[in-house]
Structure formats: C-alpha cells, structure tokens
Amino acid sequence: MEDTIAAVATAYGEGGIGIIRISGNKAFDILKDIFEPGGEFAEIVSRRMTYGKIVDKDNNEIIDEVLAVYMKGPKTYTAEDVAEINCHGSIVALRKTLGLALRKGARMAEPGEFTKRAFLNGRLDLSQAEAVIDIVKAKTDKSFDVAISQLEGGLSLKIMEIRQKLLDVLVDITVNIDYPDEDIEELTYEKLEENILLIGEMIEKLLSTASTGRMIREGIRIAIVGKPNVGKSSLMNSLLKEIRAIVTEIPGTTRDTIEETLSIRNIPVYLVDTAGIRDTSDKVELLGIEKSKEAFNNADFIIFITDGSRPISSEDKEIGKYLKEKKSLILINKSDLGRVFDDDEIREIAGNHDIIETSLLNGKGIEDIEEFIENMVYGGHLSQKDSMMVNNVRHIELLRKSRGSLEDALKMIASKEALDFIEIDVKNTYEYLGEIIGETVSDDIIDEVFARFCLGK
Amino acid sequence: MEKFLMGTYDVIVVGAGHAGCEAGLASARMGKKTLMFSINLEAVAMMACNPSIGGTGKGHLVREIDALGGEMGINIDKTFIQSRMLNTAKGPAVHSLRAQADKNQYHIEMKKTIENEDNLHLKQGEVIDIIIEEGKACGVVLKTGACYRAEAVILATGTFLAGKIFIGDSVFESGPNGLAPSVELAERLKEYGLPMRRFKTGTPARALGKSLDFDKMIPQHGDEDIVPFSFMNDSLEKDQADCWLTYTNEATHDVIRANFHRSALFGGHIEGVGPRYCPSIEDKVNRFSDKERHQLFVEPEGIYTDEMYIQGMSSSLPEDVQQEFYKTIPGLENLEIVRPAYAIEYDCIDPVDLKISLENKHIENLFCAGQFNGSSGYEEAAAQGLMAGINAVRKIEGKNEFVLQRNEAYIGVLIDDLVTKGTNEPYRIMTSRAEYRLVLRQDNADLRLTEKGYEVGLVKNDRYEKYLNKKEVVRLETDRLKKKVLKPENVNDFLESKGSTPIKSPCSLYELLRRPEIKYDESFVIDEERPVLSSHQKTMMEVQIKYEGYIDKQKQQIEKFKRLENKKLPSDIDYHSIDGLRIEARQKLSDFRPLSVGQASRISGVSPADINVLLIYMEKFRRRKS
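The listed protein sequences derive, respectively, from chains H and R.
Be aware that the first sequence starts at 1, since it is given in the UniProt record's numbering, and climbs by one per residue.
Be aware that the second sequence starts at 1, since it is given in the UniProt record's numbering, and climbs by one per residue.
Keep in mind that the hints are not guaranteed to be accurate.
[What the hints assert, rightly or not] Here are the simulated lysine-lysine pairs, DSS-like style, with alpha carbons at most 27 angstroms apart:
no., chain 1, residue 1, chain 2, residue 2
1, R, K625, H, K416
2, R, K562, H, K104
3, R, K625, R, K567
Think of the hints as simulated: they come from the structure by calculation, not from any bench.
Given the structure is predicted, the values throughout are model-derived calculations rather than measurements.
Please build the complete structure, drawing on both the sequences and the hints.
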C-alpha cells in the first residue's frame, strides 16, 4: 500500500479558492482529524460535499470555513481513497490547511504524483502515458532545479551545518558499534544527549523562522526605485489597479515616499514608491531622498525600474550600487519605445538580478511581475532581514520530521536504550535534512569514520 | 605446449581459499560434479592474515553462511581457540561473535571436509587460462597443458592473481605467504576484456611467543559461556587461549617517523588501492600524529605453534626498522620476527561488471567471488563463494538466480553494494552498511535464511529439522510465557532484587520479560515448570520479546523498501528507447542492467525522476503485455 499524499491541487489564483487533495489509505482519517462538519449534514458521507470548518486541534485554531468531500476508492482520480477540501479564505488558509494535513500524517505529494498514481493504478489509458512521463519528468526536474537555486543561499548552508553536526554524532555512534575493540573514546549518553539537544535547538530555530507564515501574515516590503519619470508611479498604479500617485511628465513629481498596502495574488505587500535617489539642493526633495534611502534599507525586496529607451545614466549607476546586496528585480520599462542597452549592461551596474521587460503605461509585463513576486514568496527565494526564512512547505515538513526524529532519539537516550536503536532516529534526521538540500543516502558516514578515527587490524 | 583433455565436470572452482571452499562445497552438495584447483594444497582455507573469524558484521555473515548450509561456521566451531561475543552492552542487532582460530587446524579441517565430500575433487594446479566458447566459459587450462571442461567456472583467485609483495624496498612477484602467484591467468583475463584493477592489502609480522614478555601486557580472555557460530551446535566446551594487549608509544613513533622514507607506501612503489580500515602502522602514525599511542593485540596463530600475530602493526617498512620499533613496545622489546610484515598488491575485477548472481555480465557461466571481486576479509569472501556456487549450479540447471535482498541478509547488502555501487577500496562489511540492521541479527540468521537454503537444496534434512524444531520450541515457550500470569506477591521480591518496579496487579511473565533489566535466564526463580532451551533458542526468543516494538517499526520500513525491489525489470529492456530518461541514466542502466527498479535507484547517476519515468514505462509495458 502506498503512503498518503497531499498537495494543493489547483493553481494559485486570485480568488483565494483552492482545493487541497489528499490521496491514500489515510485520507479519510486525516480529513476526520482536521475537519469539523457543521450545519445540517453534520457527518461525512462518501461523495457528499459537506460544509464545515478546518480546525487545528492542537491549539483550537479555526483555520477556514470550507466544503469538504470524501471519496472512497477505487472510483476516484487516483483510484485510492481521496479527500478534497475546498478552502475559501485565502492562500494563507490554503497553506495552513495543507500544513495541517501534513502534520496529521500525509506526505507532501511530489510534482505530478497524483497523476502518476492515477496512471499506475490504471485510471489513465495508454495514450496518456507518454504525456504523464513528460509531466513527471518536467516537473521533477524543474522542482529539483528550483530547490538547488533557492538553496544556494543561507538555508542550504544552515542545513549543511546541522547535517555536519549530525554526521559527527552518527560517526561516533558507528565507530562505537562497528569497532568495539578499538582504542576510542566511549560515547556516553550524556555526551550524546548534549549533542542532540544542540542540534535540536538549531532545527527549532530554523523552524521558528519558518513559514510562509510570517511573510504571509506580515507581508513583504517592496521598494520601487528608479530615476525620476521612469515609471515608478505607473507601476504602483498598475499593481493597485487605480491611479493613486500623480503621474506627470515632470521629473520629481513624487516628492515623498508613498506607501501602499495591497495584495498581489493574496500576498500582502507594502509597496513603497520612492522619490528617487539623486543629487539635489531642493530641500523638500532632499527630505524625500533621505526617506527613500530608509525605505530602501527596510525593504525585503527592490524593484528597480529603468528606462530602456534611454542610455543608462549616472543616476541609474548610483542606484545600481545599492542593489548589489539586495534581492532585486530589474524592470526595463518603456520597451515600446525601443531598447538602447542590453541586459548585460544593466546587470553590470546593478548586479545579476532577474530582468523583466515592461511597458507599464500599456500594462505590459504586470502579469510577469505578479508571478515573479508570487514565486519568490512561495518558492522561499526571499529571505527577510536578519533571519533565516523557511517558506517552502516541503522544507517545513522535512524540518518537522527531523525534529520529531530527534525527539524520539532523546526519549531513547533518556531510557538508556542501546546505541544502535538511537542511531536509527539520528540517521533518519540526517536523511530528512538531506532531502531538503537534495542529498540522499551516501557513504558519508563510513568515509567520515575512517577520516576521524584511527582504526585497523 | 601441448594441451590435453584431463576430465569433464559440471563446475570448476579456481582457488581454494575461503570463497573457493564455500563455492566448491555448495556446488557439490547441490549435486554437481565439482573440481577445485589450488596453486598449492597447503593453501586450502588458508588464513593469510589475522587468526580470527567473525567480528562486527563479519560474525553476522558467518551465521548467514551457516544458516544457508555453508561450512565456515561449522569449521570455526571445530577449530577455535578463543571465543568472544562483542558489543554485548549494545542492542542485540549488533552483538557480534568473534573467534580466534587455530589457523593450521582450520586449514586441515576444511581440507578434510572437502576431501570427504562426494562429488567434490580437489587438485593442486595453476590455472592459466579459461576456455571460452561462444561467449561462454566452459573449462580451464592448467600450466601443465591439462585441460578440464565444465559447464560453469567460478573464479576465486584471492590475492594470488598477479600478486606482488612489498617488504621495504624489496618488491617481488608472489602470492600470499610466499606461495607462487598466478601471473598468466591475470594476462588472459585482461585480454578477454574484463575490467581489471589493482588493489592492495597487508599483513603484520608474526613473532615467536617465547621472545615476548607477556607479564607486561594485558591478557584478553575468552567468554565463559561459549556461543557457537553454527546453528548445528547447541553448545561448545574448550580450554581457551588468551590474547594480549599492549601499546605503542612516542619512542615507537619516533622510530617510524625517522624511517618514513624507507616505506614502500610513501616511496610510491605501490599503485594498488589499500583499504582504509587496515592502515599500516606508518600510515596511522602519519595520519593521526596527535595520537600518543596505538593499541596492538598479540594473538596466537594456533595451539601447535609458538607463532604470534601482531594485530595493529601491519607495515611495509624494511625488516630492520620493524625490529627497531618493536624494541620500544612494552612486552615486545626482545621480539623475534619469524615472518616479516608485508604488503601485497593483486589484480581484481571491477565488480560492477557482475550480475547480482555474481555471474560476469560479458562472459556467460563465468562466476566470480571473494577478493577477486574487490572485497576484503575471509567472511566476505566465503559469503560470495557460497552465493557464486549456488548460482553457478542454478544457471546450469536453467533456474533463475538466487538473490538475497538488502532486507534479508548482510550477504545481500554485501553483494548489492559490490555489484551496484562498486568499490574503490577492498570492501569490508560493517553493520552500518545495512539499512535494516534490527532485523538482520546474528541470532535470527537461521530464521531468515534456512528455509531458503532448504529450497535451493543446500540445507540438508538434519539442519532443516533442527531449524523447524527451534522455531517450534520458541513458539511454544513464547506462548507459555504469555499465559504464565504472576501475582504481585509472588514476583515483587524478585523484581526489586533486579531494580525493577514492582507490579500492582497480576502480569504475564512475557510482559515482565519486555523489561530490559529482567533476563529470561534469571527469571527461572519465579517460573517453575520451565522447559530446557538451547542457547540459540533462548537468545532468539528473548530478543523477539524484548525488541518486538523496534523490530516491527523496521519491518514497516522494509515493506516500503520492498515495493521497488519487487518491481522487476526485464533483462531485454531497451533503455535508450525510453523517452524521458536522461542520457546519463540511459547509459548507466544499459550498462548495469539492474534486476529491479529498487536496484536501479541505487545506481549512481540515476535520479529519482528517472525512477519515476521507469515506473511509468514498466506499467505501460505490463499493460501492453496483458
């Protein structure tokens, strides 16, 4: 029997309605655990859409009002038992509901996995098989690439650091088990406990920064920068979908920072339109520029707008200097008026950021920008100031599992169980963390044993 | 030189070391007329290095060989001079039996067993060529020109193949222990296109016991209760010999450091890759320079000789340097070397060129085992020999390969590691190599494997009946313990004496035995009418009771693992035609030809995405067929 998987089964849309699909033999149990039916149909009947609430029983938090349905296999999409929950509140609720299902025993579905199961269980015909291969392959490869690219930053370093500590513990255990006759330090329960507690704290710390949570609850701060009259206000208006800032042909119209709260694909965003950064003697404008710099420093993310129809100016270069250290997106605006510099030239002054070509007055490129922001937030690409951000649901799930395994190990240490039992949980932790950074089982431990200890006949 | 046909057999085994002996015996016991060759009959089952059998992981292998009807366990039970169960302070899965052997006796007993075996013929002779016809191995040619034909050939050449010995600056062609090397065969195998490589191993000096001062060393005694290796032996009695422990010191290390330049290892003479787990003493001093001392064990080579094995002191330094550093070690000041330490380099095959049955992928009916496959150790060799023997017979009989999975035996882990992942150094088994250690215990090897050994025809009736009886006795006794309900007033004194919490209401003895501090053997005081169980039976039962929960947890993991292992890949699958597989994966899978999707997933260069593609392809394939 396959294990039970769950995922958001719909594309993230504007409306905030989305479906969580759970498939596998535990689907019904998980649904019962997180869903409280209400209204006149206060029980769950197979294939009847039921109204109720998703409740996190651990802290009695009501997450969303939903419609849920349970379908007994095999006449379902995957031919397994399937539960589907229609969330209405927001993407936050959708994510939370999924997180809850994972906590209650489901595993995050891999890309294309529902389809794969549907196929393997005989629900798709042969002609669809080729297509399935493409989907699975494309998605898996893509998710792998994404995982690698987003992990180049601090998270992967952190995970590697924790894994190194775990490896040290594993090596101590292994050498104690496999080389009982050697002249090596005995691994005491005290030492083991101390090391594991330390690792547990590191994981806990990482998890506390976790979530979609914080970023979605508190929103992200985006600063829009660019020389005057390049289209900052147009961008803001396009995103707001109404005219708020004054758009004129005279540079320097926006003299103060304008801050707006809006929702981009259900992510709360604080958008700060800055006055631009340039040398000026105008006192009012000076004040604006100071504020701009402040806004700039406080932002999680910068959108730098350039005018593609004019050569790169000294102002662009000035702004570019600030961008190198910041997560940024470069817009090459006024693309309808022709391009006079290429991507490499702008990257040279502003750093190696993503670039989107826009024509903001015509609304061209807005979709791309929204999608970029969404991917950034949900893909965990964005790290907020001074903290390690774990946003990817798969990562959070794996970190939770790691924590769980370490707790099991600690229980065993407390009751002084044999080393080889404790090793199983420590090894599991090591492997869960390995999954986050795409490293699977290898001969790490054995290599390390020989590197650190002098063993031999 | 004129060639002439001297005989026709079913199976020919080249080499009579630990792999060759198990291969020959297995083949003969499965009813095949079998011929074994050794370059020298004094080398049959020769323990060329340490005088012991077993240890962590290795002891498990011996138990598994025994459970399948192999000889190693029985032979060491006949010839051991000291026995110890290692790791008893840890969980039952890593308890490991190790016995010191009388080397000469071990050789004599094994040779006698082979000589007495019907169907098995042992001859002295150097095989210099394999007869290959239409891509199939079908005989061997000896140096004398004699040819022998057979349906299958098993190569178990150990360190003889193109063997080269290094002692200090001195380098010469030689097999182990001064025996002749096998040079011509090495040339032929290369010509046949087998992917050969050079590995290296070494052995420490042997010293004369009477030149040592044992008063300055720490004696290591055997266990009082001797646990037999073989499931066929319920108990063993023996006056045991002692081993001795002493340490090197800074003075020793100074001598070694001053002579680094004279070591063959540092001089760059050796091209072969040596194992990390048996570094020479100069290697240890070099790599672990902050370590103030290294331990060494002095172990008797046998009862009828005064030769002592100096474990921990393997070296390729010249003899005069060896003599010099021994002078600095307590108890060894006057040590007289009778055989100098040496390093030996030899040819072996890259094991990824083998099928999981240990048959060569390119030359049909050619099976390979032991150090020839890049492993190290007597036990690893014997395990492969046994499997190669079984599989050669099955191949001849047109039966499918006999494979042990990673969740079934250390033998399975060993062979899967070798043929699927390959190895860059002589491969040694370790318990940490097994994913499902809790179920692969040495106490239950018979439970895991004897049934299988019986099915392949290697386990004979006496062993099979003993096994069935053990199972039944354990079942009955477990049931009895469950039904045996004890009242608080009758057991609380006993519980308290063991530091165990008293009970408030009646409780079964089975429940009480789940407590770590309550031992079956000691609990007889609260349990009249107890039947007599053998030590094998008691151990198996007690482990099952005490660790049921953990073992169940692991069994669930195994169920998951088996899903991919059970998805078999057809041998004629054209990986290059599977859309969606990455190019690297297509190439790797085509070369490897894995048996199952599970095995495919362990090949380096095959990604999880490739495995998904493969699963889908398999389903397509299945539906087309049905």
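> Among the hints numbered above, which are violated by the structure, and what are their numbers in rising order?
Replying inline: 1
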